[in-house]
Amino acid sequence: GAVVSQHPSWVICKSGTSVKIECRSLDFQATTMFWYRQFPKQSLMLMATSNEGSKATYEQGVEKDKFLINHASLTLSTLTVTSAHPEDSSFYICSATRREGGVHEQYFGPGTRLTVT
Amino acid sequence: TQLLEQSPQFLSIQEGENLTVYCNSSSVFSSLQWYRQEPGEGPVLLVTVVTGGEVKKLKRLTFQFGDARKDSSLHITAAQPGDTGLYLCAGDSWGKLQFGAGTQVVVTP
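Here the protein sequences line up with chains R and L, keeping their order.
Heads up: take any position in the first sequence, counting from 1, add 1, and you land on my numbering.
Heads up: take any position in the second sequence, counting from 1, add 2, and you land on my numbering.
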């Protein structure tokens with residue numbers, strides 16, 4: 002159990018366009034999902050916390066109008082990168098939280114490689 | 003601000019050798035998780051430790067959580083090339099994970 006999928010796995014888009022990334026928990030319900038960004042040879046940087054049915058909470062320095070997050074159901078969260086620019090090129094990873102015996106465990110999706118040309 | 007310090011940053015060893023990765027913090031965490039990540043993929047959860055002083059074994063991997071729940075270690079016995087990857091520790095702070103910078107482990111045949 003605890004499988005998280007992301008779609009697409011990679012995407013190339015032109016500068017100025019918007020890109021939507023989906024994150025799904027396949028075999029469990031996740032009240033909370035997280036979106037991360039990872040640069041080459043670096044650790045994960047938390048962008049925002051997504052709660053089902055409410056507005057996402059963004060980390061300091063992350064533009065909420067640029068990175069739109071929607072958590073429509075207990076198994077689906079989407080991240081839309083609006084008006085993408087080359088500096089938005091990165092590896093975006095989502096995670097979904099499952100509560101197991103009082104402990105919150107995060108399970109990660111396989112990531113989405115975004116390249117903006 | 004990186005709340006979790008991982009060391010070493012990089013480790014290259016021969017197959018069959020042992021290795022230890024450390025994760026230290028000045029903060030107390032309700033739980034700590036270890037992940038392994040391979041290039042182009044998401045991190046895979048290896049273990050979650052919750053109780054101070056806890057030791058968990060997963061085949062050749064041994065995880066320890068410090069008594070004060072501020073630090074942890076991962077020990078791999080008789081490393082194999084399949085153990086190659088980026089090892090990340092992450093402390094749970096009110097439902098959010100604070101990640102260490104990671105330790106890149108390379109095991110050569």
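If you're looking for bench data, these hints aren't it; they were derived computationally from the structure.
Given the structure is predicted, the values throughout are model-derived calculations rather than measurements.
Be a bit skeptical, because a hint or two may be false.
[As the list claims (entries may be wrong)] Result set (DSS-like, lysine-lysine): computed pairs, CA atoms no more than 25 Å apart in a straight line:
(1) R:67 to R:56
(2) L:72 to R:67
(3) R:56 to R:15
(4) L:98 to R:42
(5) R:15 to R:67
(6) L:59 to R:21
(7) R:56 to L:98
(8) L:59 to L:72
(9) R:65 to L:98
(10) L:61 to L:98
(11) R:21 to R:56
Here is what the structure says about each hint:
Of the supplied pair hints, the one linking residue 67 (chain R) and residue 56 (chain R) holds, its CA atoms being roughly 15 Å apart against a limit of 25 Å. Using a Cα cut-off of 25 Å, the hinted pair residue 72 (chain L) and residue 67 (chain R) is violated, with the two alpha carbons roughly 36 Å apart. For a cut-off of 25 Å, the pair hint linking residue 56 (chain R) to residue 15 (chain R) is broken: about 28 Å separates their Cα positions. Among the hinted pairs, residue 98 (chain L) with residue 42 (chain R) is consistent with the structure: their alpha-carbon atoms are about 22 Å apart, no more than 25 Å.
Using a Cα cut-off of 25 Å, the hinted pair residue 15 (chain R) and residue 67 (chain R) holds, with the two alpha carbons roughly 16 Å apart. The suggested pairing of residue 59 (chain L) with residue 21 (chain R) is violated, with an alpha-carbon distance near 40 Å, which exceeds 25 Å. Distance hint between residue 56 (chain R) and residue 98 (chain L) is fulfilled; the C-alpha atoms sit about 16 Å from each other, no more than 25 Å. Annotation: proposed proximity of residue 59 (chain L) to residue 72 (chain L) holds, straight-line Cα distance about 19 Å (limit 25 Å).
Between residue 65 (chain R) and residue 98 (chain L) the CA atoms are separated by roughly 18 Å; this keeps the pair inside 25 Å, and the hint holds. Taking the CA atoms of residue 61 (chain L) and residue 98 (chain L), the gap is about 28 Å. The hint is violated against a cut of 25 Å. Distance restraint check for residue 21 (chain R) and residue 56 (chain R): the Cα-Cα separation of roughly 17 Å lies within the 25 Å cut-off, and the hinted pair is therefore satisfied.
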